[in-house]
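Could you build the full structure based on these sequences and the hints that come with them?
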Amino acid sequence: MSTQDSYVTEDGRTIGPTVMEMKNITLRFGGVKAITDISFDIREGEIRAIIGPNGAGKSSMLNVISGFYVPQEGEVWYKGAKRPPMRPYQVAQQGIARTFQNIALFEGMTVLDNVMTGRIRQMTTGLLGQAIWKGKAEREEVENREAVEKIIDFLEIQAIRKTPVGRLPYGLKKRVELARALAAEPSILLLDEPMAGMNVEEKEDMSRFILDMNDEFGTTIALIEHDMGVVMDLSDRVVVMDYGKKIGDGTPTEVRNNQAVIDAYLGVAHD
Amino acid sequence: MAQSSQAAGGLASIPALLQRNATLFADKDAYREKEFGIWQRWTWADTEKEIEALALGLINLGVAEGDFVAVIGRNRPYFYWSMVAAQCVGAVPVPVYNDSAADEMEYILGHCGAKYAIVQDQEQVDKIIDIQDNLHQFEHMIYIDPRGLRKYDHHALHEFSHIQNQGRAAYDEWITDLQERTAKLTYDSTCVMLYTSGTTGKPKGVVLSNRNVIESAKNSSEFDNLGAGEEILAYLPMAWVGDFIFSIGQAYWTGFCVNCPESPDTMMTDLREIGPTYYFAPPRVFETQLTSVTIRMEDAGPMKRRMFKHFMAHAKKVGGAILDGKPVGAMDKLKYKLGEFLVYGPLKDTLGFGRVRVGYTAGEAIGPEIFEFYRSLGINLKQLYGQTEATVFITAQPDGEVRADTVGVPSPDVEIKIADNGEIFYRSPGTFVEYYNNPESTASTKDAEGWVATGDAGFFEEDSGHLRIIDRAKDVGKMADGSMFAPKYVENKLKFYPDILEAVLFGNGKDRCVAFINIDLTAVGNWAERNNIAYASYQELAGHPKVLDSIREQVETVNKSVAADPMLAGCQIHRFLVLHKELDADDGEMTRTRKVRRVIVEDKFKDLIDALYSGASEVSTVTEVTYEDGRKGSISATLELRDAAVVSTAAKVAAE
Chain A
64 MSTQDSYVTE DGRTIGPTVM EMKNITLRFG GVKAITDISF DIREGEIRAI
114 IGPNGAGKSS MLNVISGFYV PQEGEVWYKG AKRPPMRPYQ VAQQGIARTF
164 QNIALFEGMT VLDNVMTGRI RQMTTGLLGQ AIWKGKAERE EVENREAVEK
214 IIDFLEIQAI RKTPVGRLPY GLKKRVELAR ALAAEPSILL LDEPMAGMNV
264 EEKEDMSRFI LDMNDEFGTT IALIEHDMGV VMDLSDRVVV MDYGKKIGDG
314 TPTEVRNNQA VIDAYLGVAH D
Chain B
133 MAQSSQAAGG LASIPALLQR NATLFADKDA YREKEFGIWQ RWTWADTEKE
183 IEALALGLIN LGVAEGDFVA VIGRNRPYFY WSMVAAQCVG AVPVPVYNDS
233 AADEMEYILG HCGAKYAIVQ DQEQVDKIID IQDNLHQFEH MIYIDPRGLR
283 KYDHHALHEF SHIQNQGRAA YDEWITDLQE RTAKLTYDST CVMLYTSGTT
333 GKPKGVVLSN RNVIESAKNS SEFDNLGAGE EILAYLPMAW VGDFIFSIGQ
383 AYWTGFCVNC PESPDTMMTD LREIGPTYYF APPRVFETQL TSVTIRMEDA
433 GPMKRRMFKH FMAHAKKVGG AILDGKPVGA MDKLKYKLGE FLVYGPLKDT
483 LGFGRVRVGY TAGEAIGPEI FEFYRSLGIN LKQLYGQTEA TVFITAQPDG
533 EVRADTVGVP SPDVEIKIAD NGEIFYRSPG TFVEYYNNPE STASTKDAEG
583 WVATGDAGFF EEDSGHLRII DRAKDVGKMA DGSMFAPKYV ENKLKFYPDI
633 LEAVLFGNGK DRCVAFINID LTAVGNWAER NNIAYASYQE LAGHPKVLDS
683 IREQVETVNK SVAADPMLAG CQIHRFLVLH KELDADDGEM TRTRKVRRVI
733 VEDKFKDLID ALYSGASEVS TVTEVTYEDG RKGSISATLE LRDAAVVSTA
783 AKVAAE
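The listed protein sequences derive, respectively, from chains A and B.
Under the working numbering, the first residue of the first sequence carries the number 64, and numbering increases by one thereafter.
Under the working numbering, the first residue of the second sequence carries the number 133, and numbering increases by one thereafter.
Treat the hints as calculated values from the structure; they're not laboratory data.
You can take every hint at face value.
Straight line, CA to CA, 27 Å or less: simulated BS3-like cross-link-like pairs of lysine-lysine:
{"#": "1", "chain 1": "B", "residue 1": "K283", "chain 2": "A", "residue 2": "K266"}
{"#": "2", "chain 1": "B", "residue 1": "K283", "chain 2": "A", "residue 2": "K213"}
{"#": "3", "chain 1": "A", "residue 1": "K266", "chain 2": "B", "residue 2": "K713"}
{"#": "4", "chain 1": "B", "residue 1": "K436", "chain 2": "A", "residue 2": "K225"}
Cβ pair distances, simulated, as ranges:
{"#": "5", "chain 1": "A", "residue 1": "N165", "chain 2": "B", "residue 2": "R662", "range": "28 to 36 Å"}
{"#": "6", "chain 1": "B", "residue 1": "K692", "chain 2": "A", "residue 2": "E209", "range": "57 to 65 Å"}
{"#": "7", "chain 1": "B", "residue 1": "N569", "chain 2": "A", "residue 2": "N165", "range": "56 to 64 Å"}
{"#": "8", "chain 1": "A", "residue 1": "A194", "chain 2": "B", "residue 2": "I261", "range": "50 to 58 Å"}
{"#": "9", "chain 1": "B", "residue 1": "A315", "chain 2": "A", "residue 2": "G281", "range": "45 to 53 Å"}
{"#": "10", "chain 1": "A", "residue 1": "V71", "chain 2": "B", "residue 2": "E271", "range": "27 to 35 Å"}
{"#": "11", "chain 1": "A", "residue 1": "V71", "chain 2": "B", "residue 2": "R662", "range": "56 to 64 Å"}
Glycine residues also receive a C-beta, built at the ideal position from the N, C-alpha and C atoms.
In structure tokens:
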């Protein structure tokens, strides 16, 4: 599959070339191997899921992509070039945005201000320029506010625009975090368990937003998720991990019929 | 009744008024909508251009004269333009409630044979695609919000802006045709067709002519001195006659500005930002606002709470009189001025009523306490009585003659007569043309002389000449002992309590009355939070013994007040229960304008009513519910039935 330049998804969308490729990644914490020799790619415009039982190494994988962990072995290729070890903020500057499993927002700031922080990459004026706020800084703020308002409209959070994040319920906070990540206009958006702790209705809303984001802005999305139903409905291709190893990779249908995956999820009799 | 066949100045249609406004008020704002956090504006000149482009696009799409165009969405300028554009090309706009379930929509679109629909977004598109197979005449759909629709088959699906662009591109080709079609419109052409929700039976399509709409708009604007400077917030359902008259009829007649909120959730913030001068709301909105004020005051500090209580008591005493221009003592006046500065002014501003010059409530009777609360703040809130078939206006209260228990004097050019059984009949230039494709209903409602039966019972007060409505004529009944049963009267008293959202009284033909109560989740939830009462669901909260205790106290207070009226003393509530679900339009228990469908509720919850009369202390029940997307489910519950103390009328007579 990785040899082709593009492929057509199960629902008939054409997916572009590879933007990110993980080559033989191994990550160790002391003697513990969190990830063992994993390779997979993420293609432009697709929704790529990483799934697996608890402790499979999914979050570690996401942290490798976002630059938080540097793997001991293996290479990360991004937009056709090998990525040297980087700090997370440098990775963010390259256009990879993420959300967190345990929401990491500025609780005391309003929704609008939180989402505005996502635009930091698009701002070029310095601290002093921002403080004086004349000419370029003002123009920039207006442009960025416009972009942010489109996202607020898109995610239907107009009513809480001026509400401090700390006063919001969990489901809405998740949405605000998504808005902030989206505001960065990322080329890859990493979502760490976007549906965790949500009820059925909130999950449906979130799924709709993820699909619409992909459809509307063409955002490439890589997500980790527990809820198998959601993953199978949402994603174009799925990587399955178990005990730090890759045990499956393919379309939802392929993965669903993969014996190793079935065993990992349902367990096998030890005899 | 002599009717002129043409209007003054040749302004015989909404498109004609649009042309006049585009010249007369060219640079004045006609529409504003908050989008992307900013109020976007369109002047009357812009509006004319937008509507023209859309109208040309509609002709280009194949819309013919006499076609029906369904308009389904929340209040946005695009939908108002859609309705006027449809009129320009000689088609008939049919606004439909955007929260209608698919089968209700299927009935309406099938009944009028709509060939086109202009809808808001994916949700509505999906709904119509679901029912399209049963609508053989249906051809094209136009949507405003493209989100999520990219991958849909676009053979018969078009984006609003594309239709406009196509219209602009085909300007030379179609402009003559468009001008000819618009010029053909007369005072007798159909202006709009509105489906009445109806508390019983299937919706009926009320056909209103340009005469109906323009004459009513003209008379009512003159009645309240409405001018081009008014600001209104359009937030009520577009399929409701009121919104059509205010946001199109009166707006086009006077040239005032229609403001559309950003989303239904931001309505209160937007209301505050706009500060409308002319405001319209059903009683429910005022009740909700009063509830939120009460809740917020309960959460406020003791100092603020005392100040609020003190000045509100003063406002209650003299506020209404000051508003009506009646003489009030100098000290009271001074204190009211201080209150205006400290309490009333800030409160009105928070509610968005700081600039309201004329406010109306209609649709249902409003609790006198609620009504007087707003009046006492200095808000000129008035009542009117109307219906779709009358193009709204039947009676209205003139300034200075406002009372909670009447609905005012006949509106200009409206004749009223009361039948022997108390039913109100009217005849006016606003009287509807017909029910579409339903001559039997037309004949049974409107007689040969043009008198229309309202279905409401009422009488004129001797001294003031104001009309008083008793109840829906068919709801008023008799108890087993022959005394009067007027459910609305009691229900309205109950609904005054912030905790009670809805109440339904039963007792027609029985020896005593029982009631269903719906709690208001906002108010009761807040109360529960403050009292450390944990609950996981609406159902659990509704069944909480402490909630039942507090509701019982409220029911008993209402009983005392009902007993004070000897005619209605029989309507006291002997037993009640708090329903485990909210009455909902999706389940058919209410109309889309949120009026209780008594017969359906009575039928659906028959087991509960029987249990109330049987004297049992609890009852188990399973209720079918319909979700917004049309799926069905069921909830089961065990409800506690409570007794309420009643004031014995016999004892009272003896004591007297």
